[in-house]
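Next come the chains, spelled out residue by residue.
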Amino acid sequence: MSLNTGQSLTVSGQDLTKNGSSSSRASWEDARTVLKPSTPTRKPKPPKPENAITIAVSARVLFTMEKEQQIYEQQGMEDYIKYQVEHETEPFSPGPAFSFVKALEAVNAQLRELYPESEELFDVVLMTNNHANVGLRLINTINHHQLFIERFCMTGGNSPIGYLKAYHANLYLSADPIKVREALEEGIAAATMFTPEKMTEVSETQLRVAFDGDAVLFSDESERIYKAHGLDKFFEHEKAHENKPLDHGPLKCFLEALGKLQKKFYAKGQRMDCPIRTYLVTARSAASSGTRALKTLRSWGLEIDEALFLAGAPKGPMLEKIRPHIFFDDQMFHVEGAAEMGTVACHVPYGIAQRVTKRGIWDKETSSAPK
Amino acid sequence: MVSTVQNTDVKQKDSDHAVVVAVASRAVFEPGAGGGDGVYAEGVAFPLLQALQKVNERLLEENSAESLLFDIVLITTDSQQQQQSSQLISSTKHYGLEVSRFCFSTEEDFSESLLKNNVQLFLSTDRNEVSQTSQKGVLSALLDEYTASCPSEQLRVLLCGDAVIRPDTNPTPASRQAAQSFSARLGKMRQRFGMSDSPLSITLMTSCGGRDSCGGALQTLRSLGISADEAYCLAGAPQGPILSVLRPHFLLSDGFSGLED
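Protein chains in written order, with full-length UniProt numbering: chain G, 1 to 371; chain Z, 1 to 261.
The hints are simulated quantities; they were obtained by calculation from the structure and are not laboratory data.
Hints may contain errors.
Dumping the calculated DSBU-like pairs for lysine-lysine here, alpha-carbon to alpha-carbon at most 30 Å [as the list claims (entries may be wrong)]:
1. Z/K11 to Z/K93
2. G/K239 to G/K295
3. Z/K93 to Z/K116
4. Z/K54 to G/K82
5. G/K45 to G/K264
6. G/K82 to Z/K188
All chains, please: the whole structure from these sequences, using the hints.
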């Protein structure tokens with residue numbers, strides 16, 4: 001491979017000319033990168049866990065392992081492992097978390113361009129209960145799809161919780177509701193991810209994250225009022241306490257982490273087309289109970305890009321318009337509704353909603369005390 | 001000068017097939033501390049010994065004629081402990097430890113006595129001791145205070161895929177060979193049990209490299225006949241927090257990396 005005078009070459013999305021580069025790295029470093037024919041783009045080093053926003057994903061949400069899961073459930077562990085090893089060179093196809101992870105990487109690429117020395121980046125860790133025997137197939141799959149995942153824990157059946165803490169995980173996504181619950185109990189933001197029936201196309205350059213309000217960003221205190229005393233009492237209560245911030249919910253810190261990265265883009269003049277966009281999709285209504293939600297966010301110093309107050313209308317259609325890479329809700333009714341319409345929806349098993357039957361939150365007939 | 005005393009309470013292992021593990025007596029029993037009745041108090045390696053025994057127990061359950069067992073030897077250079085050799089032996093019997101024999105050696109003859117006894121793994125809490133024996137070609141691993149908090153029902157061994165746990169020692173071809181052959185035998189033992197509920201768990205960890213270095217290490221292990229239960233790729237993340245969750249009884253570095261440095 002030779003460098004011709006006056007020609008410019010593109011490396012990692014940056015234009016590089018023979019006399020120097022547009023980044024702040026030494027130009028000889030760039031030249032060395034260009035001269036290595038087998039690695040046209042240099043692999044960036046993963047950030048230190050304490051600096052990064054760590055997203056831990058399980059194998060079954062990152063990839064589709066339906067067939068293998070069936071073998072495990074019907075034929076047991078030994079046959080499952082045998083199958084995995086036999087098909088080691090066959091990569092898995094993408095799972096529901098795949099586009100989310102790709103979007104995280106797109107944000108990282110843009111952050112690295114603006115702040116080449118910073119370690120404030122997303123770091124995706126594969127956190128799986130799988131046996132190390134499945135390791136090679138997972139590594140081959142990561143290579144095949146060119147994902148930037150360099151860290152993983154294959155716990156061979158042991159609980160992932162200790163490792164989530166060791167990595168300071170900011171978010172944990174899994175298909176297993178039991179592990180998700182355990183994580184939430186340990187104070188780690190977590191959600192059970194479901195595969196939608198069809199997947200609507202999502203942006204490859206802008207990460208979009210949508211949150212429900214009560215019992216996700218906020219605590220479930222107001223939901224308790226609604227469940228115990230009904231809709232009218234709920235409105236009354238929220239109006240009366242408009243200026244009292246709600247307590248925080250399990251995903252508040254994750255929104256905060258996203259906000260921190262957003263500010264870095266704003267500082268470089270990228271507010272209007274920021275590569276991260278956040279949404280609040282709540283059954284609260286703008287006219288009344290919505291105010292308390294917004295004021296709470298403001299009191300926390302957090303911004304949300306779009307707040308959608310549905311006043312009880314179903315969330316599915318709205319989410320289909322927004323096309324988030326991921327949507328968090330504490331009620332399975334909404335999670336299922338979203339998934340039906342092609343949104344990757346995750347259940348946050350937190351709060352009072354877990355102890356009552358799944359119904360529409362504004363169903364007046366069910367305004368009875370929680371079971 | 002080396003003297004060896006057999007433990008008459010314990011059935012001697014088949015020397016052709018057993019895996020000889022020598023443990024420094026100072027790690028097994030608290031030096032100096034006298035429990036009542038002339039019995040030593042438990043040291044940091046106690047859970048480790050119990051875990052080794054558990055593996056033997058389960059191996060024999062699977063096959064009562066099994067000869068691939070751990071052969072545990074207690075070794076000491078501590079002249080004080082040697083003077084109280086009877087206390088060492090009686091303490092061992094008191095706790096019902098499956099120690100086959102006791103080796104009393106001087107410091108000069110120490111490594112030699114390990115080699116003479118066909119020791120495949122030497123464990124000690126003394127860093128200098130471990131460094132010396134390692135240089136003489138005996139596979140050695142350092143035990144520390146964390147070892148004491150490891151489980152006693154399952155032996156957990158950590159194989160390091162890209163090393164530098166002990167940056168001061170350079171892996172020699174001989175030490176690599178020793179690590180590989182010991183681990184291969186461990187791998188064989190592991191095969192005697194099913195996927196779950198195994199009394200022996202083998203974990204692979206790579207600290208610095210990315211996923212491909214871990215993948216390479218997994219393939220190296222496979223070529224040695226070792227099937228790891230767990231695998232962790234740290235890619236530069238700090239080891240401490242991960243190790244404290246993993247809780248291996250001991251670590252073996254050198255010999256498992258799949259990539260050339």
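Hint by hint, work out which the structure violates, then give me just those numbers in ascending order. none
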